[in-house]
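Colleague: Sequences listed follow chains P and X, in order. Numbering (my numbering) for the first sequence: 1 to 399. Numbering (my numbering) for the second sequence: 1001 to 1399.
Among the clues, some could well be false.
As the list claims (entries may be wrong) - From chain X, some residues computed to sit far from chain P (all C-beta separations above 10 Å):
1. Pro-1004
2. Asp-1045
3. Leu-1387
Unchecked claim - Which residues of chain X face chain P? A few of them, derived with a C-beta cut under 7 Å, are:
4. His-1003
5. Arg-1006
6. Glu-1007
7. Gly-1013
8. Trp-1345
9. Leu-1386
Hints are computed from structural coordinates only; laboratory data are not their basis. Quick reminder that beta carbons are idealized off the backbone N, C-alpha and C, glycines included.
2 protein chains.
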Amino acid sequence: MTHPPRELVLSEGGRIAVLIVDGLGGLPLPGGGSELEQAEIPNLDALARRSSAGRLQLLPTGLTPGSGPGHLSLFGYDPMTLEFGRGLLEALGSDYPLSGGEVAARGNFCTLAPDGSITDRRAGRPPSEECVRLCELLAREVSLEGASLELLPGMEHRFTAVIGGAGLGARVNDNDPQIEGKEPLPFRGADDISSVTAELANSFFEQARAVLRGEERANGILLRGFSTRPALDPFIERFKLRAAGVAVYPMYRGAARLVGMDIIEPGVDLGEQLAAVERAMPDYDYFFIHTKPADAAGHSGDFDSKIAALEEVDRHIPTLEGLGFDVIAITGDHSTPCIRKEHSWHPVPLLIHSRYAIPVPEVTFDERGVLRGDLGVVRGPELMALLLAHADRLAKYGA
Amino acid sequence: MTHPPRELVLSEGGRIAVLIVDGLGGLPLPGGGSELEQAEIPNLDALARRSSAGRLQLLPTGLTPGSGPGHLSLFGYDPMTLEFGRGLLEALGSDYPLSGGEVAARGNFCTLAPDGSITDRRAGRPPSEECVRLCELLAREVSLEGASLELLPGMEHRFTAVIGGAGLGARVNDNDPQIEGKEPLPFRGADDISSVTAELANSFFEQARAVLRGEERANGILLRGFSTRPALDPFIERFKLRAAGVAVYPMYRGAARLVGMDIIEPGVDLGEQLAAVERAMPDYDYFFIHTKPADAAGHSGDFDSKIAALEEVDRHIPTLEGLGFDVIAITGDHSTPCIRKEHSWHPVPLLIHSRYAIPVPEVTFDERGVLRGDLGVVRGPELMALLLAHADRLAKYGA
Chain P
1 MTHPPRELVL SEGGRIAVLI VDGLGGLPLP GGGSELEQAE IPNLDALARR SSAGRLQLLP
61 TGLTPGSGPG HLSLFGYDPM TLEFGRGLLE ALGSDYPLSG GEVAARGNFC TLAPDGSITD
121 RRAGRPPSEE CVRLCELLAR EVSLEGASLE LLPGMEHRFT AVIGGAGLGA RVNDNDPQIE
181 GKEPLPFRGA DDISSVTAEL ANSFFEQARA VLRGEERANG ILLRGFSTRP ALDPFIERFK
241 LRAAGVAVYP MYRGAARLVG MDIIEPGVDL GEQLAAVERA MPDYDYFFIH TKPADAAGHS
301 GDFDSKIAAL EEVDRHIPTL EGLGFDVIAI TGDHSTPCIR KEHSWHPVPL LIHSRYAIPV
361 PEVTFDERGV LRGDLGVVRG PELMALLLAH ADRLAKYGA
Chain X
1001 MTHPPRELVL SEGGRIAVLI VDGLGGLPLP GGGSELEQAE IPNLDALARR SSAGRLQLLP
1061 TGLTPGSGPG HLSLFGYDPM TLEFGRGLLE ALGSDYPLSG GEVAARGNFC TLAPDGSITD
1121 RRAGRPPSEE CVRLCELLAR EVSLEGASLE LLPGMEHRFT AVIGGAGLGA RVNDNDPQIE
1181 GKEPLPFRGA DDISSVTAEL ANSFFEQARA VLRGEERANG ILLRGFSTRP ALDPFIERFK
1241 LRAAGVAVYP MYRGAARLVG MDIIEPGVDL GEQLAAVERA MPDYDYFFIH TKPADAAGHS
1301 GDFDSKIAAL EEVDRHIPTL EGLGFDVIAI TGDHSTPCIR KEHSWHPVPL LIHSRYAIPV
1361 PEVTFDERGV LRGDLGVVRG PELMALLLAH ADRLAKYGA
């Protein structure tokens, strides 16, 4: 079911800013405080005390969101029913706006022995410049019958292959056997349109082998995670919001682009992002503002640098408040506890500030402080309905 | 949808112990405390303060779970979509491992008048030894064409009949008219395979009448609740956990066996159960430990003895903690408030202890104390996903 029902969504109303602090939530050290609890975040705490507060659960209970599903959920889509393949994510992460007719796959350069078996699945991890050269070489020499081929170089041995053409399916197996000493598998399609893609991929593989024959290590390719862009109701149609994404990292610009948001040039940090928001405010009703450093610190397990990242976010809160939005929501796309060095399933602190908030004075903006708030646990795909309601953008249901 | 999605479940990870205190939850006396609130349970309170805490709701809101559905829910199955007939429950309760080809029905010995009408639906409640003799007599004398017949004696007039054979359905009516003065109804099947069963049941009824002709009171049989073992994805396949049940009462061993757990000899009380768990720990990833006395006291409405049962559980908590599990969950399969002398629909206190818990210092382990915890209300079939997550046994969803 689409939530909220589309016929209730109004095309006029207040302006909404959603600040996503990637990896916002954390966990306490044994007997101590969490990252948020130890950080000095007076502006976030004060805003939370003047807001509705609670937690946001992006996926069904116990499931840990990857960034793709986490953001789809934030944007009001059901991440459990939408396919969001690896190839798509990689294309988005390369700032490539995959179109409906294209199939993307994640690629590795690998080393093949003369008998065709894989001796190194990562071709000795070549320098990234080398990856650029290899992608350019293949793009120049390989041609696919009736289809286009784009190669987007990544870090070291990684690239993204985008095959474009009419009637291409994505139900194609990975050719990576996931073990060295074996030959890459032939590509096969699970249905008619995917068989077309599989044939093109087999042709790409054979041509690449020929073109790369003279390379010392990167003389083969492995492709996995074939995927297309899922069919989504555009954000602007579902929520009647002119929406813009302001994210420094390509992956998150890609997620915003996927649901049809415009992309605003973000600058390099949250300060510049907020300046970009201020300039673009006349043209949009909704801003998705994404900030990454807290998540990166969580992944490295560095408590002090996660605290520093959270305190840096806190310093920008007065600026955000000063922009004059009718609704400000602050939350994350998942938790990234330092003690885990990975995402986790724990719901993420959430505040929604508007004239319709129910503030609770005992709230602080951390995992335990928001338990005292009025929102309880909000499910990810419910958030948009709440934001629209707070922005006077949802009609009453029934007379 | 299966929750969690099977492809996310890892086959390696931490060890999990689930202690089910049957009938754990209760209700306050007017103006006073509940059973848990009045009990002295310092170990449970201390553990709850170092754990994630909340409540577990086994069924949809307002529904009171029987023991069968309550346990299915705890084990991660949807009790609202699984048929769990009376005959199956009785067979499991008799420690009989009903197999896929067998049909079980709950039986009563009854008294029939010479004209065939029922004069006593319970045959004067014979002593249980008499029931054993009658079952042995029937088992010796009755034979069904092309099918086997097992008779499991119960208390007083009760027994369980198990008919085994190829192609037997369970959509057979009860022959008990539920009123005295009427004749037992003929058995009829609602489909082809159930008609086979009905014919066997009619033959059993007629032969039983002949064999029991000389009995003073127990000269007839009534059968109801024909049921088969539901087709379930085995627990070990769904959750990739080598699982063992350690329950003193047969019914709960049966519930564990139904989902495919191994059964460990439990001894006679929680102390011996935990000793059995310790011995079996190297061979299993998950233990279901069931303790009954609190529920029994709730059913009898005896506040003091329910408090005593809870305090007895509390004394074993340090032993449980000492076993070295990575995840300990303590909850119940339903509430059994003394003021109700029956199960109730109220969610049951729940704690989950692991390194990923979010402890709240104000929590106590009782109906009102767990409201301060971080878990809120967890739905029964979500519990397994949470336990797997806490045991590092769930992969991230999406990249």
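Colleague: Against this structure, judge whether each hint is valid.
Modeller: Going through the hints against the structure:
Separation of X/Pro-1004 from chain P is inadequate, the least Cβ-Cβ distance of about 6 Å not exceeding the 10 Å criterion. Every CB of chain P is more than 10 Å from the CB of X/Asp-1045 (nearest about 17 Å), matching its label as outside the interface. Not every CB of chain P lies more than 10 Å from the CB of X/Leu-1387, the least distance being 8 Å, so the non-interface label is violated. A distance limit of 7 Å between C-beta atoms decides the matter here; for X/His-1003 the minimum to chain P is near 6 Å, and the interface restraint holds.
For the restraint placing X/Arg-1006 at the interface with chain P, the shortest Cβ-Cβ distance is roughly 12 Å, beyond the 7 Å limit, so the hint is violated. For X/Glu-1007, the suggested interface contact is broken, since its CB lies about 12 Å from the closest CB of chain P, more than 7 Å. A distance limit of 7 Å between C-beta atoms decides the matter here; for X/Gly-1013 the minimum to chain P is near 13 Å, and the interface restraint is violated. A least Cβ separation of about 20 Å between X/Trp-1345 and chain P goes past the 7 Å threshold, and the interface hint is therefore violated.
Interface restraint check: X/Leu-1386 against chain P, minimum CB-CB distance 4 Å, threshold 7 Å, status holds.
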